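Undergrad: The task is simple: from the sequences and hints, build the whole structure.
Quick note on my numbering: the sequence shown kicks off at 1 and runs consecutively.
For the record, the hints were derived by calculation from the structure and aren't laboratory data.
Keep in mind that the hints are not guaranteed to be accurate.
Pair by pair, the computed Cβ-Cβ distance ranges are [stated by the list, open to error]:
#1 Glu98 with Asn74: 19 to 25 Å
#2 Arg133 with Glu84: 16 to 22 Å
#3 Asp62 with Glu143: 20 to 26 Å
#4 Asp62 with Leu105: 24 to 30 Å
#5 Ala161 with Pro97: 21 to 27 Å
#6 Leu105 with Arg67: 21 to 27 Å
#7 Leu148 with Asp62: 30 to 36 Å
#8 Asp152 with Asp55: 34 to 40 Å
#9 Ala56 with Gly150: 19 to 25 Å
#10 Ser132 with Tyr85: 40 to 46 Å
#11 Gln160 with Pro57: 35 to 41 Å
#12 Leu149 with Pro97: 16 to 22 Å
#13 Gln153 with Asp55: 31 to 37 Å
Keep in mind that this is a model prediction, so the values were computed, not measured.
Here a beta-carbon is modelled for each residue, glycine too, at the ideal position from N, C-alpha and C.
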Amino acid sequence: MHPSLLLLLLLCSLVCFLALGTLCAVSDARAFFIFGDSLVDNGNNNYLATTARADAPPYGIDYPTHRPTGRFSNGLNIPDIISEYLGAESTLPYLSPELQGEKLLVGANFASAGIGILNDTGIQFVNIIRISRQLLYFEEYQERVSALLGEDQAKKLVNQALVLITLGVMTLLTTTTWSPTP
Numbered sequence: 001m002h003p004s005l006l007l008l009l010l011l012c013s014l015v016c017f018l019a020l021g022t023l024c025a026v027s028d029a030r031a032f033f034i035f036g037d038s039l040v041d042n043g044n045n046n047y048l049a050t051t052a053r054a055d056a057p058p059y060g061i062d063y064p065t066h067r068p069t070g071r072f073s074n075g076l077n078i079p080d081i082i083s084e085y086l087g088a089e090s091t092l093p094y095l096s097p098e099l100q101g102e103k104l105l106v107g108a109n110f111a112s113a114g115i116g117i118l119n120d121t122g123i124q125f126v127n128i129i130r131i132s133r134q135l136l137y138f139e140e141y142q143e144r145v146s147a148l149l150g151e152d153q154a155k156k157l158v159n160q161a162l163v164l165i166t167l168g169v170m171t172l173l174t175t176t177t178w179s180p181t182p
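TA: The structure is reproduced here in structure tokens:
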């Protein structure tokens, strides 16, 4: 096995192990925030003029509605499974018009397919939500929650939240050369 691939698998295993421990420790978190790429995007790209979309079959065929949702999956994605495990509803994409009022208190998904660690990752998709923009949207989210609950309650909601960051798949795929060793 290629050493880089072995290292990647080891890191992924470590992240999963740490995530499971964190889930057990914060199982009563009130909000869930997701930042990242296509592994965790649940539909933000549906609201963008981009080719990085998952809004047509076969995406979504095993989702409860059996329709594409913008998730790069045939069913639930990682944030959905975590939400289900915690007994919470799935977060909505930040760009969804449905993310208002009480639904804001569940958290929000800021992820966008096609982004990477490097700023030039995903340039072929033109209009995606890079991590810097996701963080700006998170600031906007906090302002919206402050308007709903007041600043102190909004800070409490954010401080007690579960946060998932999944980033780097596109960077790995577009910048790594996989060649067999002799």
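Undergrad: Which numbered hints does this structure break?
TA: 2, 3, 9 and 10
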